[in-house]
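Enquirer: Sequence:
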Amino acid sequence: MTSVPEGPPKSKTPVYAAIAVVIVVVAALAGYFLLRGEDKQRITVAATQVPHAEILEFIKNGPAKDAGLDFDIRVFDDYSLGNRWLSEGDVDANYFQHKPYFDEQVADFGYQLHEFPGVHIEPYAAFSQKFDSAEQLPDGARISITDDGSNQARALALLASKNLVTLPADGEVNVYTVGNPKNLQFIEAAPDLQAKAIPDVDLAILNGNYFLDAGYTLKDALIVESLEDNPYANFLASRQDNAENPDVVKLDELLHSDATRAFIEERWPGGDVSPAF
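Just so you know, we're using my numbering here: the sequence shown kicks off at 21 and counts up by one.
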């Protein structure tokens, strides 16, 4: 039987080419989805260092990992930057302010911002290196007080709680409208400068984040704000057009978690920072 001669061996080039095409397509798809993942940038949250950034660091390194959330923290100490950065889109949220300050900023600058529920309260407090009690303050005592409106009213309410000034029955509360029976000399300065003023004045009134950052606690204070019916809970804020961002919403949920409450109570057992939820 005569055998039929075999033709030339079939080239495997088309097979290799097909495999190469598949590899290229798979790599392209993988790169596409990887880039899509990279395009979904982590949110950035602006916060003052203590206690806000500390609380955020706790969440970032613990509860957020379990929830599949990652975010960046941008620390600042000048209150005027927090809402400006947020409004201009430099950050996605901020965590540093209370309701009266938030409302004042929105009214003054027209910011289109959204507030989430309160997370914690830092009692306002007054400190002195010259006196051991508010009752010892002499007539004409020099008082360092913040120059921002909402916190100045808060500071004056603290002084009024010790009958050092009297608040007006209505209208704006500031150093020019309060009754001043002891002729206190008010020295207005930015909030972040109050701690530095303590050695040079008779009394300085500080926000909680600033006295904590300077190494003071409520045990060092002459006057401490009451937590009862306190309207000064600090909260997360976002732009109105970003209020439903899933990562921002998830972060707010984590700020109100049992784990965060436990962290705050353990980190500041003396009440320097207290949960507001």
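Because the hints were derived from the structure by calculation, they are not lab data. There could be a bad hint or two in this list.
Said to hold, decoys possible - Below, computed lysine to any residue pairings styled on SDA-like, alpha-carbon distance capped at 25 Å:
| id | residue 1 | residue 2 |
| --- | --- | --- |
| 1 | K150 | P137 |
| 2 | K150 | A209 |
| 3 | K202 | Q260 |
| 4 | K216 | K270 |
| 5 | K80 | N250 |
| 6 | K182 | Q149 |
| 7 | K270 | Q149 |
| 8 | K119 | K202 |
| 9 | K239 | T64 |
| 10 | K216 | A263 |
| 11 | K270 | D159 |
| 12 | K270 | R94 |
| 13 | K202 | A263 |
| 14 | K270 | D128 |
| 15 | K182 | N250 |
| 16 | K85 | G290 |
| 17 | K216 | D159 |
| 18 | K182 | P251 |
| 19 | K80 | K239 |
| 20 | K182 | P137 |
| 21 | K182 | V193 |
| 22 | K119 | T186 |
| 23 | K119 | D233 |
| 24 | K85 | E286 |
| 25 | K216 | S100 |
Enquirer: Are the hints correct? Go through all of them and say.
Expert: Here is how each hint holds up against the structure:
Of the pairs offered as hints, the one joining K150 and P137 is violated, with about 39 Å between alpha carbons and a cut-off of 25 Å exceeded. A threshold of 25 Å between alpha carbons decides the hint, and for K150 with A209 the separation of about 20 Å falls inside it, so the pair holds. For the given pair, K202 sits about 45 Å from Q260 by alpha-carbon distance, which is inconsistent with the 25 Å threshold. Distance restraint check for K216 and K270: the Cα-Cα separation of roughly 37 Å exceeds the 25 Å cut-off, and the hinted pair is therefore not satisfied.
Between K80 and N250, the direct Cα distance comes to roughly 28 Å. Violation of the 25 Å bound is thereby established for this hinted pair. Between K182 and Q149, the direct Cα distance comes to roughly 18 Å. Compliance with the 25 Å bound is thereby established for this hinted pair. Restraint check for K270 and Q149: not satisfied, since their Cα atoms lie roughly 43 Å apart, outside the 25 Å limit. Of the supplied pair hints, the one linking K119 and K202 is violated, its CA atoms being roughly 31 Å apart against a limit of 25 Å.
Simply put, K239 and T64 have alpha-carbon atoms about 34 Å apart, too far for the 25 Å limit, and the pair is violated. Restraint check for K216 and A263: not satisfied, since their Cα atoms lie roughly 37 Å apart, outside the 25 Å limit. Proximity of K270 to D159 is assessed by CA-CA distance (about 52 Å); at most 25 Å being required, the pair is judged violated. Of the supplied pair hints, the one linking K270 and R94 holds, its CA atoms being roughly 18 Å apart against a limit of 25 Å.
Among the hinted pairs, K202 with A263 is inconsistent with the structure: their alpha-carbon atoms are about 47 Å apart, more than 25 Å. Restraint check for K270 and D128: not satisfied, since their Cα atoms lie roughly 30 Å apart, outside the 25 Å limit. With a C-alpha separation of about 17 Å, the suggested pair K182 and N250 falls inside the 25 Å cut-off, and the hint holds. The straight-line distance between the Cα atoms of K85 and G290 is roughly 29 Å, outside the 25 Å bound, and the hint therefore fails.
The hinted pair formed by K216 and D159 meets the criterion: a straight-line CA distance of about 23 Å does not exceed 25 Å. Among the hinted pairs, K182 with P251 is consistent with the structure: their alpha-carbon atoms are about 19 Å apart, no more than 25 Å. Restraint check: the Cα-Cα separation between K80 and K239 comes to about 30 Å, which exceeds 25 Å; the hinted pair is violated. Between the alpha carbons of K182 and P137 the distance comes to roughly 30 Å, so the proposed pair goes past 25 Å and is violated.
Restraint check: the Cα-Cα separation between K182 and V193 comes to about 17 Å, which is no more than 25 Å; the hinted pair holds. For the proposed pair K119 and T186, the alpha carbon gap of about 23 Å is at most 25 Å, so the pair holds. With a C-alpha separation of about 22 Å, the suggested pairing of K119 with D233 holds against the 25 Å cut-off. Simply put, K85 and E286 have alpha-carbon atoms about 21 Å apart, close enough for the 25 Å limit, and the pair holds.
Taking the CA atoms of K216 and S100, the gap is about 19 Å. The hint holds against a cut of 25 Å.
The structure is inconsistent with the numbered hints 1, 3, 4, 5, 7, 8, 9, 10, 11, 13, 14, 16, 19, 20, although it conforms to all the rest.
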